[in-house]
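Chemist: Sequence:
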Amino acid sequence: MTVLNAEQLQGILSSSFAGADVARIEEVDGDTVLLCQEVNDRHGRPGGTLSGPTMMMLADTAAWMAILAQIGPVLLAVTTSLHIDFLRKPDLTDLMARATILKLGRKLAVVDVALFSRGHSELVAKAQVTYSIPSSAS
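Residues 13 to 150 in my numbering are what the sequence shown lists, from first letter to last.
Hints in this document: simulated from the structure, not taken from any laboratory. Please note: incorrect hints may appear among the correct ones.
[What the hints assert, rightly or not] Subject to a maximum C-alpha distance of 25 Å in a straight line, what follows is the list of computed BS3-like cross-link-like pairs (lysine-lysine):
{"#": "1", "residue 1": "119", "residue 2": "138"}
{"#": "2", "residue 1": "138", "residue 2": "115"}
{"#": "3", "residue 1": "138", "residue 2": "101"}
[Said to hold, decoys possible] Across the chosen pairs, the derived CB separations fall in these ranges:
{"#": "4", "residue 1": "33", "residue 2": "58", "range": "37 to 43 Å"}
{"#": "5", "residue 1": "88", "residue 2": "57", "range": "31 to 37 Å"}
{"#": "6", "residue 1": "17", "residue 2": "53", "range": "43 to 49 Å"}
{"#": "7", "residue 1": "53", "residue 2": "135", "range": "20 to 26 Å"}
{"#": "8", "residue 1": "144", "residue 2": "59", "range": "32 to 38 Å"}
{"#": "9", "residue 1": "147", "residue 2": "101", "range": "40 to 46 Å"}
{"#": "10", "residue 1": "90", "residue 2": "132", "range": "29 to 35 Å"}
{"#": "11", "residue 1": "144", "residue 2": "53", "range": "19 to 25 Å"}
Ideal placement from N, C-alpha and C gives every residue a C-beta, glycine not left out.
Construct all of the structure, not just a fragment, from the sequences and the given hints.
Modeler: Listed below in structure tokens is the structure:
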């Protein structure tokens with residue numbers, strides 16, 4: 013059961029990073045959240061591909077949104093670990109992230125994040141992100 017919907021999550025994301033180029037929450041479905049990061053030339057790197065930091069940022073953001081969808085607006089939930097495998101060269105096009113909660117405990121949450129280019133089904137990267145949930149959230 014989700015506590016926050018896509019509109020509420022988008023509000024949190026936009027207000028937490030006012031003025032930043034934030035991702036768009038496209039869907040919230042149970043323990044899974046789908047985000048889109050619009051990509052332009054400044055997200056690229058030499059060779060006409062997407063930069064690694066852009067992919068890591070979206071993986072981390074997607075994990076945070078998936079957790080908040082379940083526990084509510086606990087803004088001080090923070091990343092404790094992010095492991096990412098870059099699988100193939102992504103197109104310089106919108107990057108999608110599907111974040112699914114693997115474990116949601118009282119103190120830690122573990123989220124699986126699949127990254128892919130819009131319009132393609134093959135993964136460009138796969139991340140596992142762990143978040144620490146502050147005790148005030150329990």
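Chemist: Each hint needs a verdict: does it hold in this structure or not?
Modeler: Going through the hints against the structure:
1. 119 to 138: The given pair, whose Cα atoms are some 24 Å apart, holds under the 25 Å limit.
2. 138 to 115: 17 Å, holds
3. 138 to 101: 13 Å, holds
4. 33 to 58: 37 to 43 Å: 21 Å, violated
5. 88 to 57: 31 to 37 Å: This hint holds: roughly 32 Å between Cβ atoms.
6. 17 to 53: 43 to 49 Å: 33 Å, violated
7. 53 to 135: 20 to 26 Å: Check passed, 23 Å falls within 20 to 26 Å.
8. 144 to 59: 32 to 38 Å: 36 Å, holds
9. 147 to 101: 40 to 46 Å: Taking Cβ atoms as reference, residue 147 and residue 101 lie about 42 Å apart, which means the hint holds.
10. 90 to 132: 29 to 35 Å: 31 Å, holds
11. 144 to 53: 19 to 25 Å: The hinted range 19 to 25 Å is violated for residue 144 and residue 53, with Cβ atoms some 35 Å apart.
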